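Once you have looked at the hints, place chain B on chain A.
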Amino acid sequence: ETGVTQTPRHLVMGMTNKKSLKCEQHLGHNAMYWYKQSAKKPLELMFVYNFKEQTENNSVPSRFSPECPNSSHLFLHLHTLQPEDSALYLCASSQGEGGRDIQYFGAGTRLSVL
Amino acid sequence: EDQVTQSPEALRLQEGESSSLNCSYTVSGLRGLFWYRQDPGKGPEFLFTLYSAGEEKEKERLKATLTKKESFLHITAPKPEDSATYLCAVQARRNTDKLIFGTGTRLQVFP
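Note that the protein sequences, when read in sequence, are chains A and B.
So the number in the working numbering is just where the residue sits in the first sequence, counting from 1, plus 28.
So the number in the working numbering is just where the residue sits in the second sequence, counting from 1, plus 3.
If you are wondering where the hints come from, they were derived from the structure by calculation, not from laboratory data.
Some hints here could point you the wrong way.
[What the hints assert, rightly or not] Here are the simulated DSS-like cross-link-like pairs (lysine-lysine), alpha carbons at most 25 angstroms apart as the crow flies: (1) B/K45 / A/K69; (2) B/K45 / A/K50; (3) B/K45 / A/K68; (4) B/K101 / B/K45; (5) B/K101 / A/K80; (6) B/K71 / A/K50; (7) B/K101 / A/K68; (8) A/K69 / B/K72; (9) B/K72 / A/K50; (10) A/K47 / B/K45; (11) B/K101 / A/K50; (12) A/K64 / B/K101; (13) B/K45 / A/K64.
Please read these numbers as outputs of a predicted model, since none were measured by experiment.
Chain A on its own, in the form it takes in the complex (with noise of 0.2 angstroms):
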């Protein structure tokens, strides 16, 4: 158990649907952080989150759209994805005071776009 607790852990979506993955911290941290995970690729940021306010966007397409409505809940909403976008999507959460700032990732919600 890390501490930070994601929902679901495998999904399976068509290109048309929508749906939702939660993350929740028990850490008492100020930051969250979305992952895209693929295989043979680096880990890319997605968003990032400050004491509830949106503080990075790496250029992610606008079908996700992330909701953070108070500091131990994230959530990632997607519509009309491609299956491109199948990949493993890590939540991370943090202290949140910049710095010396270690990330604590959930388990990662398993994505798959038919």
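Just chain B, lined up with the frame of chain A:
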């Protein structure tokens, strides 16, 4: 451009056979270098952070070192349970929100 390169891509070791993983980096103003372990079907698990050249950290059979251009993860007398993918990431001073990851080294340790 900030970049992290890990080698080898894959490594097979006999139990007890010590070896090292390499992480070469290019970053404008290093804030910290991070090592993570990732098991199949799981998220990365934090191992170490190194902040300045010459720094070393140890945990059980693992020892991480840092120079101005690269980091090594030394594995002494590995066991099969050390099998995993090891990820290296750097954090730049100008953007401490962002970790830049390498593609990882997949380590397999056979009994």
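Structure-based check of each hint:
| no. | hint | in the structure |
| --- | --- | --- |
| 1 | B/K45 / A/K69 | holds, 16 angstroms |
| 2 | B/K45 / A/K50 | holds, 16 angstroms |
| 3 | B/K45 / A/K68 | holds, 16 angstroms |
| 4 | B/K101 / B/K45 | holds, 21 angstroms |
| 5 | B/K101 / A/K80 | holds, 17 angstroms |
| 6 | B/K71 / A/K50 | violated, 39 angstroms |
| 7 | B/K101 / A/K68 | holds, 20 angstroms |
| 8 | A/K69 / B/K72 | holds, 22 angstroms |
| 9 | B/K72 / A/K50 | violated, 38 angstroms |
| 10 | A/K47 / B/K45 | holds, 22 angstroms |
| 11 | B/K101 / A/K50 | holds, 21 angstroms |
| 12 | A/K64 / B/K101 | holds, 13 angstroms |
| 13 | B/K45 / A/K64 | holds, 13 angstroms |
Consistency with the previously given hints fails for numbers 6, 9, ordered from lowest to highest.
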